[in-house]
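Asks: Chain residues, written in single-letter form:
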Amino acid sequence: MSIVVNGKNIQWMKNETVEQLLKRMKYTFPLVVVKINEKVIPKKEFSKTIIPDRSKIDVIHMISGG
Amino acid sequence: MDKKKFEEIKRKLKKSSVGIAGLGGLGSNACISLARAGVGRFVLVDFDKVEESNLSRQYYFLDQIGKLKVDALKDNIKKINSDIIVETHNIKLIKGSMEKPFKDVDVVIEALDNAETKASFIEEILTKLPNKPIVAASGVAGYGHSDRIVTKRLGNLYMCYDEYAKSSEDDILVAPRVTLIANWEANLALEIILGENK
Numbered sequence: 001m002s003i004v005v006n007g008k009n010i011q012w013m014k015n016e017t018v019e020q021l022l023k024r025m026k027y028t029f030p031l032v033v034v035k036i037n038e039k040v041i042p043k044k045e046f047s048k049t050i051i052p053d054r055s056k057i058d059v060i061h062m063i064s065g066g
Numbered sequence: 001m002d003k004k005k006f007e008e009i010k011r012k013l014k015k016s017s018v019g020i021a022g023l024g025g026l027g028s029n030a031c032i033s034l035a036r037a038g039v040g041r042f043v044l045v046d047f048d049k050v051e052e053s054n055l056s057r058q059y060y061f062l063d064q065i066g067k068l069k070v071d072a073l074k075d076n077i078k079k080i081n082s083d084i085i086v087e088t089h090n091i092k093l094i095k096g097s098m099e100k101p102f103k104d105v106d107v108v109i110e111a112l113d114n115a116e117t118k119a120s121f122i123e124e125i126l127t128k129l130p131n132k133p134i135v136a137a138s139g140v141a142g143y144g145h146s147d148r149i150v151t152k153r154l155g156n157l158y159m160c161y162d163e164y165a166k167s168s169e170d171d172i173l174v175a176p177r178v179t180l181i182a183n184w185e186a187n188l189a190l191e192i193i194l195g196e197n198k
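As they're listed, the protein sequences go chains A and B. Mapping the first sequence onto the numbering used here, position 63 (from 1) lands on 63, and the numbers just tick up by one. Mapping the second sequence onto the numbering used here, position 174 (from 1) lands on 174, and the numbers just tick up by one.
Honestly, the hints are just simulated from the structure, not real lab data. Think of the CB as a built atom: it goes at the ideal place given N, C-alpha and C, for glycine as much as any other residue. One thing to keep in mind: the hints can contain errors.
[As the list claims (entries may be wrong)] Here are the simulated EDC-like pairs of lysine to aspartate or glutamate, each with C-alpha atoms no more than 20 Å apart in a straight line:
#, chain 1, residue 1, chain 2, residue 2
1, B, 12, B, 104
2, A, 39, B, 123
3, B, 79, B, 99
4, A, 43, B, 123
5, A, 35, B, 104
6, A, 26, B, 124
7, B, 14, B, 63
8, A, 39, A, 53
9, B, 103, B, 75
10, A, 39, A, 16
11, B, 166, B, 116
12, A, 44, B, 123
13, A, 56, B, 163
14, A, 8, B, 147
15, A, 26, B, 169
16, B, 92, B, 147
17, B, 100, B, 87
18, A, 26, B, 116
19, B, 4, B, 191
20, A, 8, A, 45
21, A, 26, B, 163
22, A, 44, B, 124
23, B, 152, A, 53
24, A, 43, B, 116
25, B, 132, B, 169
[Stated by the list, open to error] Sample of chain A residues facing chain B (criterion: CB under 7 Å; computed from the structure):
#, residue
26, 4
27, 6
28, 27
29, 32
30, 33
31, 42
32, 50
33, 64
34, 65
35, 66
[To be verified] Some chain B residues close to chain A (C-beta under 7 Å, calculated; not the full set):
#, residue
36, 7
37, 10
38, 111
39, 112
40, 138
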């Protein structure tokens, strides 16, 4: 009962949405892309998409600096 | 390397064009590397002037303080190769029209500073110029941790990425790391122009 988020193993939570997961991970940077098992999730689906158990999630965010 | 192949690469690079959004630590250094490599045309976009504090990492000099960055960088490119064509836009990129200066370049390099602006820029290029390769960078502040930097590819987006880096508001910006990532971006741009492993 776990998922991998950006290479880290964390506990899977039943019925958790992408939006809730991002909050739980405290990802507050502006997001570029969220992928679940290599599939890109559009921003407007973050509140509807449920994270399946054992999924691999990649969150690419933007950090200031240039 | 055989001469014919080398000549072909030179010709390909001379015909190529790169657009750069933001001429700070990332943009100025990536541009100079690509100019030295032989890229024939640049489209440079920045609204700012050179300040003394920029000299810790950006490709400008003491006698250029107060000059527009687009003009200062153009001068520096011309000192390396006077044949390079440089188109400059002294403008601030505004949401809704960010893609405009970059319509006719082969590759776009995102070299902006603010995280929100970086994310908006990438989104606009990907949606409005769907066939345009874009190289972007995130996590350039600080020093050390070179081996945390990775390239992430998502379709036409190539990200030089360190997810553990702090924001530039919470860490220093100095030449070694930002220049490293600037050259990482430049190197990716070459790979896109020439094709991998040539």
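Asks: Have a go at the residue 66 of chain A hint: is there a Cβ in chain B nearer than 7 Å to its own Cβ?
Replies: holds (4 Å)
Asks: Verify the proposed pairing of residue 152 of chain B with residue 53 of chain A, using a straight-line Cα cut of 20 Å.
Replies: violated (24 Å)
Asks: Check the hint pairing residue 44 of chain A with residue 124 of chain B against an upper bound of 20 Å on the C-alpha distance.
Replies: OK: residue 44 of chain A and residue 124 of chain B at ~16 Å, within 20 Å.
Asks: Double-check residue 10 of chain B for me: the hint is only fine if its C-beta lies closer than 7 Å to a C-beta in chain A.
Replies: Nearest chain A Cβ about 30 Å off; hint violated.
Asks: Is residue 14 of chain B within 20 Å of residue 63 of chain B, Cα to Cα?
Replies: Violated, at roughly 30 Å.
Asks: Is residue 44 of chain A close enough to residue 123 of chain B, meaning Cα to Cα at most 20 Å?
Replies: holds (14 Å)
Asks: Using 7 Å as the Cβ threshold, decide whether residue 64 of chain A counts as touching chain B.
Replies: OK, holds: residue 64 of chain A within 7 Å of chain B, min 4 Å.
Asks: Does the alpha-carbon distance linking residue 39 of chain A and residue 16 of chain A stay inside the 20 Å limit?
Replies: The given pair, whose Cα atoms are some 17 Å apart, holds under the 20 Å limit.
Asks: Mind checking the alpha carbons of residue 100 of chain B and residue 87 of chain B for me, to see if they're no more than 20 Å apart?
Replies: holds (13 Å)
Asks: Need the status of pair residue 26 of chain A, residue 163 of chain B: alpha-carbon distance at most 20 Å?
Replies: OK: residue 26 of chain A and residue 163 of chain B at ~13 Å, within 20 Å.
Asks: Given the hint that residue 43 of chain A pairs with residue 123 of chain B, does the C-alpha gap stay at or below 20 Å?
Replies: holds (11 Å)
Asks: Has the given pair, residue 8 of chain A with residue 45 of chain A, been kept, meaning a C-alpha gap of at most 20 Å?
Replies: violated (23 Å)
Hint compliance for this structure: hints 3, 5, 6, 7, 9, 16, 20, 23, 25, 26, 28, 31, 32, 36 and 37 are not met, and every other hint is.
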